[in-house]
Each structure stands twice: as structure tokens, then as C-alpha cells.
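**Student:** Listed below are the residues making up each chain.
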Amino acid sequence: MTENPHEALGTLSHVDMLRRKTRNQLQDMWFPLALFGALTLTSIPVFLSYGGPMLAIYWVITGILGGAAVSGYYHRREQQLGLVSPAGPYLLTGSAIVVGCMITGALGGAMGLPALSTFGPGLIVAAGQGVFAWLERSRRLAAISFALGAAAVIVWALQLGDHAGQVVLSATYGTVLVLAGLVYRSASSAR
Amino acid sequence: MNHPSNDLDETVHQRVRLGLLAVLNESHKADFNFLKQTLNLTDGNLSRHLQVLEAAGYVKITKTFEAKRPRTWAMATKAGRKAFNGEVSALRQLIKSAGIDE
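Protein chains in written order, with the working numbering: chain A, 7 to 197; chain B, 125 to 226.
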């Protein structure tokens with residue numbers, strides 16, 4: 007078989023365009039960002055009223071319910087669209103975030119390192135967002151991941167104390183995630 | 125020395141079939157209507173190309189029923205993904221060997 011290199015270039019451009027178009031159709035992060043942002047903001051009064059152990063229980067329950075809601079959202083959307091994404095890497099990353107947060111939270115408590123309980127989960131969530139950014143090949147998500155990680159480091163460096171640090175970190179994460187979700191929502195509506 | 129065009133796969137090299145594999149390679153599966161609209165094909169044309177890919181073992185076709193209506197889904201097999209990636213590599217090699225910038 008022979009092929010003209012210029013035709014090959016045209017074929018490759020066509021293939022790249024189709025790949026981009028397919029990825030764009032699959033990219034839809036507004037719901038998980040907005041949902042987990044809202045859950046993070048709601049966790050603040052739970053923490054202030056009932057303390058750390060209740061916060062852990064809150065995240066176990068809302069993490070499972072939130073994960074189920076996100077799965078349901080994507081299932082419905084993909085069935086309507088007629089295009090289904092490979093769910094495995096996303097489920098694995100989501101599960102790793104939940105397990106990682108639980109482990110760092112528990113380790114911080116067991117080792118008498120409250121800073122690990124406060125900032126460890128925050129850094130794991132930021133790293134998880136980084137994995138989602140890589141899976142989605144999204145610079146916007148990468149920027150969110152970086153912003154979350156930087157926020158965790160800055161709040162830790164400010165030495166506000168573990169109690170105030172937890173509140174400030176949750177407020178920052180919740181606000182960033184909700185705003186990012188709304189930006190994604192308006193961008194997908196405009197498409 | 126082997127010319128890069130010798131590495132092109134006859135089945136996948138066809139533009140529509142390569143396009144189908146490009147879409148399926150980025151997803152878990154896609155339904156008939158999505159593929160038809162994305163690649164701007166007719167029903168008959170899409171069916172024919174999917175049959176060729178299925179016969180080569182590059183695509184797996186499944187049918188489901190939703191609200192008593194049949195729905196056809198296509199997904200790239202492991203061999204299909206390998207063939208697609210091989211074809212893209214061969215095309216890139218061909219372009220590179222001709223000294224053309226992508």
C-alpha cells in the first residue's frame with residue numbers, strides 16, 4: 007500500500023479532530039465539582055457543631071451518597087448522548103481519594119498529628135483532581151488541582167491552628183469547587 | 125529498509141473506518157446514532173463499515189432494547205485499539221520520513 011505524506015497529514019488532522027470532538031462530548035465535570043463543593047461547605051457547620059469524629063462520619067456517608075449520585079448523573083447523561091466513557095479509571099480515582107482521606111485522617115488521629123488529619127485529606131483531594139485533569143486532558147481541571155494544593159499549603163503555613171485551619175480550608179475548597187462547577191456548567195450550556 | 129507505508133493496515137487505513145476507531149478509542153462505547161452524526165454518515169454506510177471492522181475483530185457490536193426499541197452499540201476491542209494506534213504511528217512515521225512538520 008502506498009500513501010501520499012500530504013494525504014497522511016490530512017488523515018491525521020481528521021483523526022485528531024474526531025478524538026478532540028469525542029473527548030469534548032465526554033467532558034462534563036460541573037455536577038461532581040458543584041456537588042462535592044457544596045458538601046464541603048456543608049461540612050463546616052457539622053465540624054463546628056460536632057467536631058472531627060462526626061466530620062469523618064459525615065464524609066463516609068456523603069462520600070458514598072455523593073459517589074452514587076455522580077454515577078447516576080453520568081449514566082443518565084451518557085445514555086442520552088449515546089457515548090459512554092471508560093468508567094474504571096474515574097471510579098478508581100474517586101475511591102482512592104475517599105480511602106486516602108480516611109487513612110490520613112485516621113493516621114493523624116492515631117499518631118497525635120492533628121495537622122495530618124486537617125491538611126492530609128486536602129492534599130489528597132487536590133492530587134485526585136490532578137488525576138482527573140490528566141484523565142480528561144483538561145488544563146482547567148489541572149489549574150483547579152493546583153489551586154487546591156496551593157490553598158492547603160498556604161493555610162497550613164499560616165499556622166492558624168487545626169480547628170481554624172480546618173474551617174478555612176473547607177471554606178476555600180468548597181468555594182473553589184462550587185465556582186468551578188458553575189463555570190463548567192455555563193461553558194457546557196454555551197456549547 | 126521498510127517504507128513506513130508498508131506498516132499501514134488495509135482495514136483501518138480507510139478514512140471512515142479510521143474515524144470510527146478514533147471515536148471508539150476515546151470512549152468505552154458509542155451508539156449507532158452518535159457515530160452516524162459525528163462522522164456524518166448514512167445508516168447503510170455506517171453499517172457496512174462497522175461490519176468490516178467487526179469481521180476483522182476490531183469492533184464488538186452489541187444490541188440492547190430500550191423502551192422496546194433496539195439500540196446498537198459499538199466498542200473497540202483490544203485488537204482494534206492496537207490497530208488504530210499502529211495506524212496512527214505509521215501515518216506519523218510516513219509524515220516524518222517525508223520531512224513534513226505536523
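Hints may contain errors.
Pair by pair, the computed Cβ-Cβ distance ranges are [stated by the list, open to error]: (1) B:K187 / A:G58: 19 to 27 Å; (2) B:K187 / A:A153: 25 to 33 Å; (3) A:S195 / B:H152: 21 to 29 Å; (4) A:L87 / B:E178: 35 to 43 Å; (5) B:R193 / A:M108: 38 to 46 Å; (6) A:A148 / B:I185: 52 to 60 Å; (7) B:A222 / A:S192: 39 to 47 Å; (8) B:P194 / A:R146: 36 to 44 Å; (9) B:R172 / A:D22: 30 to 38 Å.
These aren't lab readings, by the way, just hints derived from the structure by calculation. Since the structure is predicted, the reported quantities are computational estimates derived from the model, not experimental observations. Glycine is no exception: its CB is placed at the ideal position from the N, C-alpha and C atoms.
**Student:** Evaluate each hint against the coordinates.
**Tutor:** Structure-based check of all given hints:
A hinted range of 19 to 27 Å is violated for the C-beta pair K187 (chain B) and G58 (chain A), which are about 52 Å apart. Distance hint for K187 (chain B) and A153 (chain A): a CB-CB separation of about 45 Å, inconsistent with the stated range 25 to 33 Å. About 25 Å separates the C-beta atoms of S195 (chain A) and H152 (chain B), a value consistent with the hinted range of 21 to 29 Å. Remark: the range hint 35 to 43 Å for L87 (chain A) to E178 (chain B) is contradicted by a beta-carbon distance near 23 Å.
Range check, R193 (chain B) to M108 (chain A): Cβ separation about 44 Å, and the 38 to 46 Å hint holds. In this structure the supplied range 52 to 60 Å is violated for A148 (chain A) paired with I185 (chain B), their Cβ-Cβ distance being about 36 Å. Between A222 (chain B) and S192 (chain A) the Cβ separation comes to about 44 Å, which falls inside the hinted range of 39 to 47 Å. Judged by the Cβ atoms, the range 36 to 44 Å given for P194 (chain B) and R146 (chain A) holds: they are separated by roughly 38 Å.
With their beta carbons about 25 Å apart, R172 (chain B) and D22 (chain A) fall outside the hinted range of 30 to 38 Å.
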